[in-house]
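**Student:** Sequences and hints are given; from them, build the entire structure.
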Amino acid sequence: MPAIKANSIRDLKNRVNIHDVVIRVVALKKAGNGRFKGLCPFHSEKTPSFNVSADKGFYKCFGCGKAGDTIAFVMETEGLQFTEAVEAIAQRFGFTLEYDEGGGGPSKETRSLRQEIFDIHDLAAEHYRQAFLAATPHGAWIRDYWVKNRKFTPELAEEFKIGFASPEDGGLAAAMLKRKFSEEALRQCGLFFIRDGIVPMLGTIRPRFRGRLMIPIRDHQGRIVAFTARQLELTPKDDPSHEAKYVNSPETPIFTKSNLLFNLDRARAHASEGHPFVLVEGQLDAMRCWSVGLKTAIAPQGTSITEGQLALLRRYHPQVECFFDSDSAGQKAALRFLPLALKAGLEVKFLMLAGANKLDPDLLFLERGLAAYDEVQRGSLTAMQFAKQAFLPEPATASFNERMNAVRNMVEIALQCDTQVARDDYLQQISLLLGVRPDAIRSEVALVEKRKFNPGRETASPAAPAGGDTHTKGFEEHLLFVCLHHENLLQSISGLLAHEWIDTTGTAGRLLDRLLAEVQHNGWNGRESLDQLLETEEEKSLAATMLFQVPGDEDWIKIANEGLRHLQKRFLEPKKQQIELEIASKGAIGDSTLSSLLKQRAEITRQLLNPPRLPLAS
1 MPAIKANSIR DLKNRVNIHD VVIRVVALKK AGNGRFKGLC PFHSEKTPSF
51 NVSADKGFYK CFGCGKAGDT IAFVMETEGL QFTEAVEAIA QRFGFTLEYD
101 EGGGGPSKET RSLRQEIFDI HDLAAEHYRQ AFLAATPHGA WIRDYWVKNR
151 KFTPELAEEF KIGFASPEDG GLAAAMLKRK FSEEALRQCG LFFIRDGIVP
201 MLGTIRPRFR GRLMIPIRDH QGRIVAFTAR QLELTPKDDP SHEAKYVNSP
251 ETPIFTKSNL LFNLDRARAH ASEGHPFVLV EGQLDAMRCW SVGLKTAIAP
301 QGTSITEGQL ALLRRYHPQV ECFFDSDSAG QKAALRFLPL ALKAGLEVKF
351 LMLAGANKLD PDLLFLERGL AAYDEVQRGS LTAMQFAKQA FLPEPATASF
401 NERMNAVRNM VEIALQCDTQ VARDDYLQQI SLLLGVRPDA IRSEVALVEK
451 RKFNPGRETA SPAAPAGGDT HTKGFEEHLL FVCLHHENLL QSISGLLAHE
501 WIDTTGTAGR LLDRLLAEVQ HNGWNGRESL DQLLETEEEK SLAATMLFQV
551 PGDEDWIKIA NEGLRHLQKR FLEPKKQQIE LEIASKGAIG DSTLSSLLKQ
601 RAEITRQLLN PPRLPLAS
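First residue of the sequence shown: 1, per the working numbering; consecutive thereafter.
Simulated from the structure, these hints should not be mistaken for lab results.
Owing to the predicted nature of the structure, the values given are computational and were not obtained by experimental measurement.
Careful, some of the hints might be misleading.
[Stated by the list, open to error] Below, in silico cross-link-like pairs of lysine to any residue (SDA-like), each with a Cα-Cα straight-line distance of 25 Å or less:
| # | residue 1 | residue 2 |
| --- | --- | --- |
| 1 | Lys-295 | Leu-363 |
| 2 | Lys-450 | Gly-345 |
| 3 | Lys-37 | Gln-549 |
| 4 | Lys-13 | Ile-23 |
| 5 | Lys-599 | Ala-498 |
| 6 | Lys-576 | Asn-561 |
| 7 | Lys-245 | Trp-146 |
| 8 | Lys-148 | Leu-232 |
| 9 | Lys-569 | Leu-597 |
| 10 | Lys-388 | Ser-328 |
| 11 | Lys-349 | Pro-339 |
| 12 | Lys-450 | Leu-434 |
| 13 | Lys-575 | Leu-609 |
| 14 | Lys-295 | Pro-154 |
| 15 | Lys-332 | Ala-244 |
| 16 | Lys-46 | Asp-424 |
| 17 | Lys-349 | Ala-27 |
| 18 | Lys-295 | Asn-248 |
| 19 | Lys-575 | Arg-565 |
| 20 | Lys-388 | Ser-399 |
| 21 | Lys-37 | Glu-307 |
| 22 | Lys-295 | Leu-381 |
| 23 | Lys-450 | Ala-440 |
| 24 | Lys-148 | Lys-161 |
| 25 | Lys-178 | Phe-193 |
| 26 | Lys-151 | Asp-360 |
| 27 | Lys-178 | Met-201 |
| 28 | Lys-178 | Thr-204 |
**Tutor:** Rendered as C-alpha cells:
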C-alpha cells in the first residue's frame, strides 16, 4: 500500500483544526485564548478535565493523562490505525492526500474494513432514498404512506434521508458488487444475508430489508451506521422478520446499539442550560419532536437504556427530561432509566400531562404542536416524585408493608447517585415525600448497604494517570519546556547541550534528547513535527501538559542557561571528583600519569567556570 507523504500529513494537520475534529465527539466550552474544555471521552468523569488547544493542535486530559494530536484523537476514539485515521480526517474535511509511488492512494483490498462499511451504509442510504423518491407505483405508495399515514412532511423525509427498501431485491446488491467492496465488508455490514462458504455474487446475496420504510441511524458524529426498518403492507410474506413491526440492523464493527442514541448528532447542538435533552421512546417520536421545533429530542435503540448511552449523553449536557409513553411498558422503561441516569450524574425530570390517562408523545405533538411541550413541562415530576408515583401510587390507602417497600425501593435508587451530596439531597426528598423521619431513612440506608442489596453496583474510582513516570521537576524538564515554547532557541540549545549530559532514564530526558537530535540531524519543521517524536503515552502526556501551560514573563534565556550549567555540572563534577581521588592516591610516588590527571582536572575546572551559554537577547 502506498505510504502517505509526510508533507501531506503535515499540511492536513495545518489545514484541519483539532477543535473541529474533537467537537464531533466532545462538547467543548471555551476556557481561554485558543483553549477549550469538556468531559473526557476516555474515562468517566463529572467535572471537565479534558483540554484542547486549538492553537497548538494538542489535547490533554488532566484526569486520565491521555494526550496527543488530531490524528491520535481519531485513532483513540474510532479504533483506527494511523493511516486509516489520516484518511478518515482527510475525507471528512475534503482534503486530498498525496501518496508515495505515484500517489494512487490505498487499494480496495487494503483499505480499512470499518471505512468500507461506512461507505456501504452511505451508498445504501442513497439507494433507499432514491427508491423513496422514485416515480414508480411503489415510490408513490411510500410517499403517500409517509404523508397520510405517518402525518410527516416531505421536507422532514429529506432532512432525515428517509428511504424505502423495495419488496424485490431493488438492485442494492448489484450496486455493492459493482463498487467492488470486499467480501468481508459485505458479510459484516449487516445489510445482507450471505450463506457461509458462498462467494458473494448476484443471486447469492439477499438484502436483509425488503418492503420496509428505512430510517437511517447516525452515530453522535453524524455518520450513518445502521438502519431501522418499519413494517409496511408491502413487506413480503417470506421476509424472515415479517411479523416484526420494527427491524434494526444487527451489530457490526461500526454499530453497537447500546452505545448509540438516535438524533444525538443533531440534538447535541441545541442542548444547553434551560434546554435539556428530551428522551423519547422511538425514532418516529424523536422526528415528530424535531418537526414541531423541539430540537433536543433523542431516542434509544429500543427502550432498554444503557449506561454507555447515558455516559455519552452526559458528555454534551447533564440535563434530560424523560418523555416515554404513559402505558405500562413506557413507564417500566422510565423506571429502569431512573437509577442509571442518577448513576451517570444526570439531572432528571419526567414529563407528564396533568389529567391524561394515556399519553403518546407522537400523537400529542402532532395534535398540539410545540405548545404541548410547555404543557407537559408544567406537569413534570422530579426523580423522586416520579419514583414515589411508581412505587406508591395510592399513598392514602397504602398498607405499612407497601409504604416500607416504597421507602426501600426509593432509597436503593437514591444510593445510585454519583456523589454523596446528590445522595443526601435525594434521601432528604424521600423523607419529605413519604413522611418518614430522617433517622428512619438513615437506618434503611444502613440496612441496604449492609445487605449489599445491589451487589452489581459499581463504585467510581479515580482514574490513575497514564504511565508510571511522575515527571518530577528537573532541569531536563525546564529545558524541554523552553524548547517547546521558544522554538527560536532550539538550534542554539542543540549545539550547546551534549548528549551525554542528559539523563535519559526519565521521560523528560528521553524526549529532550530525541528532540535535540532531530534538530541537529534533520532540522526542525515546527511544532507539527513533534508528534512524530512521541513514542510512548508518557511522552505524549508530558508534551501535552507542557504545551497547555502558558509561558510567563520569565527570562527564558536565563532559565535555559541555568539548565545548561546544571546539566554540565552534574555530568562533570563526578568526573572531577574521581580524578582528584586518583591524584590523591598517586601522592608523591611520582606516577607518570599524574601530569595527565592534573591536566584533565584543569580542563574540567575550566569548563565548569565557563559553562555553555545562550547569548542574551539584545
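**Student:** Each hint should be assessed against the structure and marked as holding or not.
**Tutor:** Tested hints:
Distance restraint check for Lys-295 and Leu-363: the Cα-Cα separation of roughly 17 Å lies within the 25 Å cut-off, and the hinted pair is therefore satisfied. Annotation: proposed proximity of Lys-450 to Gly-345 holds, straight-line Cα distance about 24 Å (limit 25 Å). A distance of roughly 14 Å separates the Cα atoms of Lys-37 and Gln-549; the hinted pair therefore holds under the 25 Å criterion. Using a Cα cut-off of 25 Å, the hinted pair Lys-13 and Ile-23 holds, with the two alpha carbons roughly 16 Å apart.
The straight-line distance between the Cα atoms of Lys-599 and Ala-498 is roughly 21 Å, inside the 25 Å bound, and the hint therefore holds. Restraint check for Lys-576 and Asn-561: satisfied, since their Cα atoms lie roughly 21 Å apart, inside the 25 Å limit. This hinted pair checks out: Lys-245 and Trp-146 have alpha carbons roughly 16 Å apart, not beyond 25 Å. Simply put, Lys-148 and Leu-232 have alpha-carbon atoms about 14 Å apart, close enough for the 25 Å limit, and the pair holds.
Proposed proximity of Lys-569 and Leu-597 is supported: the alpha carbons are some 19 Å apart, at most 25 Å. Straight-line distance between C-alpha atoms of Lys-388 and Ser-328 comes to about 16 Å, which keeps the hinted pair within the 25 Å bound. Note on Lys-349 and Pro-339: the hinted pairing holds, with a Cα-Cα distance of about 12 Å set against a maximum of 25 Å. Under the criterion of a C-alpha separation no larger than 25 Å, the hint pairing Lys-450 with Leu-434 is consistent with the structure, at around 23 Å.
A C-alpha spacing of about 15 Å is found between Lys-575 and Leu-609, which places the hinted pair at or below 25 Å, so the restraint holds. Among the hinted pairs, Lys-295 with Pro-154 is consistent with the structure: their alpha-carbon atoms are about 18 Å apart, no more than 25 Å. For the hint pairing Lys-332 with Ala-244, the CA-to-CA distance comes to about 21 Å; that is within 25 Å, so the pair holds. Taking the CA atoms of Lys-46 and Asp-424, the gap is near 18 Å; set against the 25 Å cutoff, the hint holds.
For the suggested pair Lys-349 and Ala-27, the alpha carbons sit about 22 Å apart, so the restraint of at most 25 Å is met. At most 25 Å may separate the alpha-carbon atoms for a hinted pair to count; Lys-295 and Asn-248 meet this at roughly 24 Å. Between Lys-575 and Arg-565, the direct Cα distance comes to roughly 16 Å. Compliance with the 25 Å bound is thereby established for this hinted pair. For a cut-off of 25 Å, the pair hint linking Lys-388 to Ser-399 stands: about 15 Å separates their Cα positions.
Among the hinted pairs, Lys-37 with Glu-307 is consistent with the structure: their alpha-carbon atoms are about 23 Å apart, no more than 25 Å. Between Lys-295 and Leu-381 the alpha-carbon distance is near 21 Å, which keeps this suggested pair within the 25 Å criterion. Our distance criterion of 25 Å between C-alpha atoms is met by Lys-450 and Ala-440, whose separation comes to about 15 Å. For the hint linking Lys-148 to Lys-161, the alpha-carbon distance of about 18 Å falls within 25 Å, and the restraint holds.
Restraint check for Lys-178 and Phe-193: the C-alpha separation of about 18 Å stays at or below 25 Å, so the hint holds. With a C-alpha separation of about 15 Å, the suggested pair Lys-151 and Asp-360 falls inside the 25 Å cut-off, and the hint holds. Among the hinted pairs, Lys-178 with Met-201 is consistent with the structure: their alpha-carbon atoms are about 10 Å apart, no more than 25 Å. Restraint check for Lys-178 and Thr-204: the C-alpha separation of about 15 Å stays at or below 25 Å, so the hint holds.
In summary, this structure violates none of the numbered hints.
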